[in-house]
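Protein chains in written order, with the numbering used here: chain Y, 1 to 374; chain B, 1 to 418; chain Z, 1 to 348; chain C, 1 to 242.
Hints are not guaranteed to be accurate.
In silico BS3-like pairs for lysine-lysine, Cα to Cα no more than 25 Å straight-line [said to hold, decoys possible]: (1) B/K330 with B/K359; (2) B/K193 with B/K106; (3) B/K274 with B/K294; (4) Z/K183 with B/K274; (5) B/K294 with Z/K183; (6) B/K39 with B/K165; (7) B/K372 with B/K39; (8) Z/K219 with C/K132; (9) B/K400 with B/K165; (10) Z/K183 with B/K400; (11) Z/K132 with C/K132.
To spell it out: a stretch of chain Z is covered by chain Y in this simulated footprint if at least three of its residues, at any positions, have a beta carbon under 8 Å from a beta carbon of chain Y; those stretches are [stated by the list, open to error]: (12) 129–140; (13) 174–188; (14) 328–336.
The set of hints was computed from the structure by calculation and includes no laboratory data.
Backbone N, C-alpha and C define an ideal beta-carbon position, used for all residues, glycine too.
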Amino acid sequence: MSAARRNPLVPWLGIAALAAWPLVEPYLPAWMHLGEPLTEVFVYAILGLGLNILTGFTGLLNLGVAAFAAIGAYTYSIATCEIYPFQLGFWPGLAVTAAAGALAGFLLGAPTLRVRGDYLAIVTLGFGEIVKDVLVNLDTITKGTQGINPVPPPSLLGTALEARGQYWLLLAFVVATFAGARALERSRVGRAWISIREDELASRAMGIRPDHAKMLAFAACASLAALSGALLVSRLSSSGEPSNYGFELSIVALCIIIVGGIGSVRGTLLGAVVMVGMNSIVLVRLSEALNSSGADAVQAGEPPAGIGAVWHFLRTWVQNVFLSPTNWKFLLFGLALILMMIFRPQGILPPLAVHEDPPEDEPGAPGAGQGARP
Amino acid sequence: MAMIRPMIRPIAAVTSALACLTLALAAAPAPQDGAKTLKVFSSLPRTGSANSQTTSIVNGIKMAIEERGGQVDGWTIAYEDLDDASPQKGNWDQNLEAANANKAAKDPACVGYIGTYNSGAAKIAMPILNKAGVVMVSPGNTYPGLTKPGAGEPNEPKIYRPSGKVSYFRVVPTDDIQGAVACEFCVQDLKAKKAFVLHDRELYGKGIADVFKKSAAASGLEVAGFEGVDPKASNYRSLVTKIRSTGADVVFYGGTTQNNAAQILKDLRSGGCKAPFVSPDGTFEKAYIEAAGKDAMSPEAGPVFITFGGLPSEKLTGLGAEFVKKYQAKHGEIPEAYAVYGYEACRVLLDAIDRADAKDRAAILAAVAATKDFRGALGTWSFDENGDTTHRTMSVNTVKDGEFSFVKAVDSGAGKAK
Amino acid sequence: MLRAVAAAEQLAILALARADGVPSFAADGTLSTWEVLSQQLVTGLSNGMIIALIAIGYTMVYGIVELINFAHGDLCMLGAFFALTAVGALGMDAWGGAGGTLGLVALLAATAVFCGSLNWTVNRLAYRPLRKASKLSLLVAAIGASFVLVNLGLFWGGMPMEVFSGGNSAAAPKAFPALVEPKPAFTVGDVIVSRPDVLVLCVTLPLMAGLTWLVRFTKLGKAMRAVAQNPTAAALMGIDVERVIGASFFIGGSLGGFAAVVYSIYNQTVGFQMGYRMGMDAFIAAVLGGIGNLPGAVLGGLLIGLVRAMSDGYIEARWTNSVVFGILILILVFRPSGLLGAKLREKV
Amino acid sequence: MSAPAGRPMLRVQGLKCSFGQAEVLHGVHLEVHPGEIVSLIGANGAGKSTTLMCISRIHRSQGRIEFDGQDIGALPPEQVVRRGLAQVPEGRRIFPRLTVRENLEMGAFIRSDRDAIAQDMERVFGIFPILKERSSQQGGTLSGGEQQMLAIGRALMSRPRMLMMDEPSMGIAPLLVAKIFDTVRNVLRAQGMTILLVEQNANAALRMSDRAYVLETGSVVLAGTGEELLRDPRVREAYLGH
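Model the full structure from these sequences, guided by the hints.
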């Protein structure tokens with residue numbers, strides 16, 4: 001508990017350091033230019049913070065958060081792109097997006113209130129797939145796989161922002177979302193969400209209306225996810241293809257909050273850094289490093305016989321497959337996820353309550369106490 | 001203090017691990033930024049399903065550079081193979097493509113960008129590179145709207161050219177040409193009356209299928225069905241039943257090998273449908289034959305045709321034939337059809353660097369745009385004012401004894417594009 | 001205008017293409033409405049049975065450790081690669097007659113053991129250390145395992161063997177030899193019931209019966225159910241919970257192995273990314289039927305197969321996924337615990 | 001206190017158990033001798049159930065747990081059962097979707113002597129005839145009292161030499177509570193079963209126990225024979241309500 005009362009300066013220092021980064025960056029060597037990936041981290045952090053409200057606070061597993069991001073991305077694109085009649089501009093576009101997201105959240109949340117646990121998870125997954133299909137198939141409205149171009153970039157006071165401006169604006173969005181999420185967590189509705197997660201029946205007995213609170217959680221999650229979708233496309237100036245908002249994105253968002261520490265607002269930010277960083281920094285740098293070692297798949301001539309054949313077989317295999325760094329990315333990514341879970345199952349920065357949860361012998365914890373764990 | 005520790009430790013652990021890794025990686029490859037080095041990037045989906053084609057493209061690029069001994073006009077050419085696909089998606093990722101393009105734009109030594117493979121990715125990269133004045137040569141994009149006014153959305157391609165200049169070029173003919181060629185082939189050579197058109201619901205496949213459908217309407221070929229399929233489905237038997245019930249006498253699939261072209265063919269054949277199966281150059285690769293297997297590709301099962309925006313490797317003459325021979329010697333196999341595009345894209349870029357007076361982005365861009373009567377591996381061709389190749393010789397191929405076999409060449413003629 | 005450049009050789013190919021005159025290529029077009037419906041039912045049933053087979057292995061593990069096992073489909077994918085390697089190394093596609101049948105049985109058994117062991121190993125390395133952790137951590141570990149298995153498939157696909165196209169394109173889809181030729185076993189009118197259709201039934205039905213017997217009547221099966229319902233009480237009964245969990249991973253995995261072989265023979269294509277759809281279908285089927293419920297998984301699998309076929313046939317293929325998920329959502333809205341599911345413990 | 005002489009069947013020394021950073025048992029000592037009924041009483045949250053779960057090795061713990069003179073503190077739970085120490089857990093923990101018969105079979109999981117198992121099942125049916133009537137019903141459909149009988153019967157199926165019972169009276173109709181206590185006292189005891197009983201109903205528990213321990217916030221604060229404790233003013237004040 002008292003950890004929450006740590007030095008109040010720390011978050012401000014963090015924000016200040018992040019805000020100062022673009023000013024410092026030009027003086028650093030090229031490999032330290034992290035502004036670009038960091039901007040991406042911000043977008044994912046907002047998505048993660050949204051999902052954390054639904055899955056982290058309220059305990060409703062959502063495997064289709066990408067659908068909300070897609071709704072946001074396409075609402076924003078249609079509301080602002082020059083080929084449509086609306087052409088609202090950046091800020092009004094965002095407002096419409098957030099509202100559309102909330103509406104989508106209600107629409108999914110309302111009929112599925114009775115559905116729980118993994119059953120709800122697959123409902124959300126299905127919702128995600130349906131949204132993606134609709135975006136592809138209704139190509140008269142959404143331009144199908146062509147995507148919508150061009151989408152206006154983030155702007156402030158009528159001026160379009162360049163990379164640095166976008167960085168600061170997104171940072172501001174993250175800070176605001178973060179503060180909002182923390183405030184929500186401590187608010188009446190936030191406590192209602194958490195008590196629903198812990199015990200829905202008991203919370204009902206305490207006068208909380210679970211249906212009401214769940215709908216709100218859906219709406220808040222969807223609204224933030226939609227916002228992140230809009231920010232993403234405004235940054236890329238294209239809505240991209242609907243396939244960008246598929247199951248894979250939902251999984252990344254889920255990994256962000258779990259790796260960060262499910263239910264923890266601060267953890268979610270760290271989770272975004274880790275997940276995006278792994279993809280956009282570590283794996284990219286790794287393959288750059290390996291690529292420059294210049295391994296070429298070379299093989300020619302007749303395969304020899306006997307032991308030589310085995311040697312030839314292995315050599316060819318290694319040269320064809322194992323020497324190419326891109327062939328290792330799935331493995332590294334997957335191993336990293338597994339290892340992070342094994343060494344820190346509660347996530348990097350779990351909410352404080354988790355520490356004190358007694359490992360009571362729940363149905364979910366078979367074989368507890370066998371001393372099998374090192 | 002003791003209470004804070006459990007929080008600080010994980011943060012510290014993660015940040016320091018990340019930092020160490022980044023440091024270690026950054027320290028390892030320190031490219032010698034000599035004064036006379038020019039950099040060429042390629043951005044292709046290297047992770048995931050397109051890997052085999054992009055590997056052949058990268059091989060082609062590397063061969064083009066090696067041919068010149070890594071030097072052009074006294075300048076060293078450094079090449080970097082960027083990946084725009086992420087393992088999470090297993091396919092191209094818009095964030096990574098944007099990051100790649102930005103990386104190239106920011107690198108002062110960068111004078112050329114070979115990519116992208118997917119037209120969707122090009123839409124992201126084009127405006128970024130255009131603003132930075134980096135010339136972009138694509139070995140794989142076939143969506144017409146990227147270059148041709150009026151072929152896509154009304155605001156295309158101008159939205160990809162914020163600087164107003166054409167900085168994007170491609171060495172492949174576009175979908176509108178290929179779709180029309182495929183349709184003409186069905187009508188004139190196969191004497192088809194009724195076609196069933198399938199597509200994979202992606203930019204490339206759907207685009208080409210749309211053109212096919214449009215051309216069919218113009219040439220009196222009835223389209224009995226037009227369906228987008230799920231490229232990840234395990235089989236298409238129920239669709240085959242539907243096709244059988246329409247009595248179509250040709251089936252066209254706008255899609256790629258990765259999007260299950262071979263599976264559709266197999267299901268057609270095992271479902272008892274012998275109609276000719278026609279697909280575009282996204283299937284013009286050995287992987288298609290290997291994935292379909294001997295039985296589905298045998299002449300008894302029913303004919304198979306593949307259109308291609310150029311001549312197949314063994315029909316290439318001159319430089320093209322030489323490239324095939326060299327590739328084979330180096331990699332022990334006939335190159336994939338895409339390899340020659342990668343090779344050609346890189347060669348035309350190097351040629352422009354050679355011709356440019358100043359070795360800067362603007363001069364090199366101008367030199368690429370001025371490419372005229374280039375004697376390349378695909379033939380002799382030029383870039384038109386949109387950045388498209390004037391090379392328009394297409395070919396129709398079939399499969400014989402497990403190899404692609406050339407059927408006929410079609411010169412789609414200039415200005416045919418609709 | 002198109003200018004055809006036709007040499008004699010190419011003309012010959014064209015002539016071959018038109019060997020019996022144009023109409024011979026035309027699909028029959030004579031199928032009656034009923035024949036089309038029956039053909040779609042056959043297709044839906046076969047696909048559904050394959051999905052069901054994957055799904056029961058999935059739901060078994062699911063019921064016991066409450067793990068949404070994202071790696072299950074990828075496990076099947078590796079099983080298919082194992083089978084393809086065996087077929088290629090032994091030249092099994094050339095075996096005919098009794099040898100072929102025996103070979104097929106051996107292939108099924110070997111692949112089942114392979115997949116079972118692999119699933120057991122994944123459980124041991126990735127999931128068991130997380131037994132006391134939250135369900136979501138387990139989920140992320142499963143996602144990670146899925147990526148690792150996919151990558152192993154990519155490596156495997158680059159093996160320089162002929163069946164893997166010499167290993168030159170690791171990522172490309174591979175043809176799986178037609179161990180059971182895709183020829184009609186019998187036809188009713190123009191409705192074709194192919195030999196692979198028959199194979200699917202011949203393999204899946206006995207397996208489902210066997211599994212039902214195992215779970216209902218054997219000591220291990222009862223222990224599995226006991227562990228699923230209350231692991232602590234099971235431990236208090238003297239049941240070695242970890243061993244039972246390991247066993248169910250092995251059995252679930254080996255069912256995936258059987259499914260992989262049947263799938264490969266039926267579809268004749270394997271690729272390193274095919275596990276995604278297999279796992280997804282199994283997941284939907286398992287949830288639709290009711291988590292942990294074996295007959296439910298079979299029912300769910302059949303339903304998905306049939307819905308897919310009907311949607312492909314009578315709606316539009318591009319809407320098929322939406323139709324499947326739409327029906328799924330509707331069913332869950334009205335039956336929140338699946339078709340045959342028991343009431344769910346309220347815990348995420 | 002008056003512990004009987006001879007080697008105890010169960011001896012727990014310095015048992016400590018923590019959940020996260022919170023230690024809930026601070027070194028519990030207790031002994032149960034062959035043929036005894038020993039009860040463990042205490043308020044809610046005193047750590048009674050945790051103690052039993054530690055002895056059954058469901059929770060990890062420090063300290064020494066000896067059964068029959070052998071250390072069982074490092075064994076996995078199933079080995080504890082195999083040594084002859086069974087538990088009827090709190091809340092019964094019936095397998096709700098197994099039939100009554102299957103539940104009983106699970107109790108005999110460690111055994112493979114089919115005929116003897118069948119005999120034991122008949123014996124359980126003899127003690128609790130209602131279970132026989134319900135033998136093909138699912139466990140979850142039984143009433144609370146019936147479930148408790150099933151839980152006891154299930155534990156007996158492993159042929160334990162010692163039984164630990166956790167709150168057998170909890171949430172059960174008074175008539176059935178009487179029946180269950182009667183069974184403990186007159187049937188099990190008559191068969192020479194050694195029993196460690198955890199009970200909230202201190203009065204009933206002390207009346208049928210040879211000895212008892214009082215547990216308060218993770219430590220044993222009192223011990224004695226059942227009668228001694230029944231008379232002890234502190235116990236009367238805190239647990240007997242007068």
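Cross-check of the supplied hints:
| no. | hint | verdict |
| --- | --- | --- |
| 1 | B/K330 with B/K359 | violated (31 Å) |
| 2 | B/K193 with B/K106 | violated (54 Å) |
| 3 | B/K274 with B/K294 | holds (15 Å) |
| 4 | Z/K183 with B/K274 | holds (14 Å) |
| 5 | B/K294 with Z/K183 | holds (15 Å) |
| 6 | B/K39 with B/K165 | holds (22 Å) |
| 7 | B/K372 with B/K39 | holds (24 Å) |
| 8 | Z/K219 with C/K132 | holds (21 Å) |
| 9 | B/K400 with B/K165 | violated (46 Å) |
| 10 | Z/K183 with B/K400 | holds (22 Å) |
| 11 | Z/K132 with C/K132 | violated (37 Å) |
| 12 | 129–140 | holds (count 12) |
| 13 | 174–188 | violated (count 0) |
| 14 | 328–336 | holds (count 5) |
In this structure, the earlier hints numbered 1, 2, 9, 11 and 13 are contradicted, and the remaining ones agree with it.
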